[in-house]
Amino acid sequence: MKNVIYALFLRELKTRFGKYRLGYLWAILEPFIFISLFVGIRGILTGSLRSGADKFIYHVDYPLFLAAGLIPFFMFRHTVVQIMHSIEANRGLFTYQPVKPIDAIIARWILEGVIFVFVWILVFFILHFIGFKTEIKDPLCLIGIYILFYLFSLGVGMIFCIIVNIYDEVRHIISPFLLFLFFTSGTFFSINMIPSKFQIYLLWNPCLHFIELSRERFFPLYKTEVCSLKFIIICTICVLFLGLVLYKYRIKEILATE
Amino acid sequence: MIELKNVTKSYRTKYGRVYVYKNVNAVFPEGKNVGIIGPNGAGKSTLLRLISKIDYPDSGEIITHKSISWPVAFTGGFQGSLTGLEIVKFVCMIYGANGEMKEKIKFVKEFTELGKYFEMPIKTYSAGMKARLAFALSMAFDFDYYLIDEVTAVGDLNFRKKCNQILREKLKKSNIIITSHDINRLREFCDIYAIPHKGDLILFDSFKEAAQFYADISKISAIPELTH
Numbered sequence: 001m002k003n004v005i006y007a008l009f010l011r012e013l014k015t016r017f018g019k020y021r022l023g024y025l026w027a028i029l030e031p032f033i034f035i036s037l038f039v040g041i042r043g044i045l046t047g048s049l050r051s052g053a054d055k056f057i058y059h060v061d062y063p064l065f066l067a068a069g070l071i072p073f074f075m076f077r078h079t080v081v082q083i084m085h086s087i088e089a090n091r092g093l094f095t096y097q098p099v100k101p102i103d104a105i106i107a108r109w110i111l112e113g114v115i116f117v118f119v120w121i122l123v124f125f126i127l128h129f130i131g132f133k134t135e136i137k138d139p140l141c142l143i144g145i146y147i148l149f150y151l152f153s154l155g156v157g158m159i160f161c162i163i164v165n166i167y168d169e170v171r172h173i174i175s176p177f178l179l180f181l182f183f184t185s186g187t188f189f190s191i192n193m194i195p196s197k198f199q200i201y202l203l204w205n206p207c208l209h210f211i212e213l214s215r216e217r218f219f220p221l222y223k224t225e226v227c228s229l230k231f232i233i234i235c236t237i238c239v240l241f242l243g244l245v246l247y248k249y250r251i252k253e254i255l256a257t258e
Numbered sequence: 001m002i003e004l005k006n007v008t009k010s011y012r013t014k015y016g017r018v019y020v021y022k023n024v025n026a027v028f029p030e031g032k033n034v035g036i037i038g039p040n041g042a043g044k045s046t047l048l049r050l051i052s053k054i055d056y057p058d059s060g061e062i063i064t065h066k067s068i069s070w071p072v073a074f075t076g077g078f079q080g081s082l083t084g085l086e087i088v089k090f091v092c093m094i095y096g097a098n099g100e101m102k103e104k105i106k107f108v109k110e111f112t113e114l115g116k117y118f119e120m121p122i123k124t125y126s127a128g129m130k131a132r133l134a135f136a137l138s139m140a141f142d143f144d145y146y147l148i149d150e151v152t153a154v155g156d157l158n159f160r161k162k163c164n165q166i167l168r169e170k171l172k173k174s175n176i177i178i179t180s181h182d183i184n185r186l187r188e189f190c191d192i193y194a195i196p197h198k199g200d201l202i203l204f205d206s207f208k209e210a211a212q213f214y215a216d217i218s219k220i221s222a223i224p225e226l227t228h
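Going line by line, the protein sequences match chains R and H.
Under our numbering, the residues of the first sequence are numbered 1 to 258, in order.
Under our numbering, the residues of the second sequence are numbered 1 to 228, in order.
It should be emphasised that the hints constitute simulated quantities derived from the structure, not laboratory data.
Hints may contain errors.
Label pairs and their computed distance ranges (CB to CB) [unchecked claim]:
hint, chain 1, residue 1, chain 2, residue 2, range
1, R, TRP204, H, PRO39, 51 to 61 angstroms
2, R, PHE177, H, ALA97, 38 to 48 angstroms
3, H, LYS53, R, PHE56, 53 to 63 angstroms
4, R, ILE163, H, ASP191, 41 to 51 angstroms
5, H, LYS53, R, SER175, 29 to 39 angstroms
6, H, LYS53, R, LYS230, 41 to 51 angstroms
7, R, GLY40, H, ALA97, 22 to 32 angstroms
8, H, ASN98, R, PHE231, 39 to 49 angstroms
9, H, ARG160, R, TYR24, 24 to 34 angstroms
10, R, ALA89, H, PRO39, 29 to 39 angstroms
11, H, ASN6, R, ILE33, 39 to 49 angstroms
12, H, LYS5, R, GLU88, 44 to 54 angstroms
Coverage of chain H stretches by chain R, computed from C-beta distances (three or more under 8 angstroms per stretch; other residues unrestricted) [as the list claims (entries may be wrong)]:
hint, region
13, 59-71
14, 77-86
15, 92-103
Computed from a predicted model, the values in this text were never measured in an experiment.
Cβ coordinates follow ideal geometry from the N, Cα and C atoms, glycine included.
Using the sequences and the hints, build the whole thing.
Written out as structure tokens, the structure is:
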């Protein structure tokens with residue numbers, strides 16, 4: 001199994017962005033484009049781009065605040081989408097007996113993790129170089145929350161993967177659903193800005209908890225009292241369990257021709 | 001030995017469910033080469049897919065302790081952007097043959113006679129070149145059973161000769177399960193014959209009986225009927 005995952009991983013590495021040679025550059029550009037976009041919007045609202053970038057959100061530079069939300073969220077989204085498509089993308093390979101769908105899923109999951117680490121380091125290094133400096137309050141806890149989010153993405157990806165392979169129609173609502181999550185996960189806002197009577201609705205979204213709690217461990221003065229670590233631990237265990245159960249009982253049905 | 005136990009396999013079509021196999025019990029004995037004969041759509045490839053565990057039956061099981069190849073000449077895993085060399089490396093890795101990778105690469109390169117194309121993306125290959133690569137790749141590995149779907153004419157006469165030669169070499173240690181719609185082409189390879197017929201799989205030890213039976217059923221359509 002280790003051999004198979006490694007072989008699939010190398011294969012994914014070569015073909016992840018298809019024919020685009022600059023594919024991996026795009027992985028870096030994506031957060032920067034969104035950071036510029038939100039800084040720009042804020043700049044327009046306040047009257048000058050300078051003040052958009054200089055704006056502090058709860059003692060955090062806005063670009064840093066955005067990066068700390070966008071990069072983990074993009075990791076989540078890419079992981080889910082990549083895992084979701086891992087079966088049809090590798091269907092030809094299942095003809096080789098050692099290759100099982102779970103290998104394809106794990107290979108893609110690992111690749112997304114590697115991309116996340118590289119993008120995270122590069123983006124914060126570049127931001128630091130430009131002048132948006134910060135220290136990390138609690139690196140170990142931060143990594144812990146990222147790992148939890150990464151596991152959560154695997155679970156959600158597996159659930160979606162099985163569901164879209166059984167009910168093909170669902171495929172169309174995944175994109176809008178992920179877009180909805182993008183706007184409600186606190187990528188470009190803080191839960192503290194939201195009036196408390198609306199907070200209770202947003203707090204149903206585990207992604208928001210992941211992002212806000214990671215910011216809290218990241219920035220020395222950032223606080224989110226309403227987010228709960230217990231909630232995301234339970235969510236992660238639940239989605240992983242559900243994903244694995246669905247995989248175990250439905251995968252034959254997906255692989256068998258009907 | 002490969003044992004089919006109560007195997008049922010059906011397909012859903014627009015007009016209802018088609019049962020290709022219904023409660024099939026059959027045993028392919030140790031050390032025998034099996035020919036599967038039937039017209040197009042009779043269920044030959046389905047049987048191969050079931051045996052190689054790419055596909056699963058609706059119910060029942062297929063029991064074997066032997067190593068079984070992927071269908072020889074299978075090109076579905078050839079991603080256009082990868083080179084022939086990369087494909088060979090990939091298959092070596094998934095079959096845990098890292099140690100023998102060099103020999104296998106050498107074998108495939110020489111057998112296919114692809115030359116420079118061996119290190120070029122698959123999308124630049126012609127259909128014949130792809131088929132050669134697929135055939136050589138299967139032959140580079142040792143299995144107890146090789147599955148061959150339709151005795152296909154790959155490449156030119158010279159290459160076909162080479163294929164037959166290496167297949168005969170392989171038959172000294174391994175067995176094949178081969179499908180065709182033409183029973184006469186299987187005669188030189190096979191010891192027993194399996195004919196899918198009306199949801200069952202009928203085995204014959206002698207070529208004569210099998211040929212007779214096949215001729216008889218060919219008069220009426222052997223393609224599975226629709227059941228509502």
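*Of the hints given before, which are not true for this structure?*
7, 9, 11 and 12
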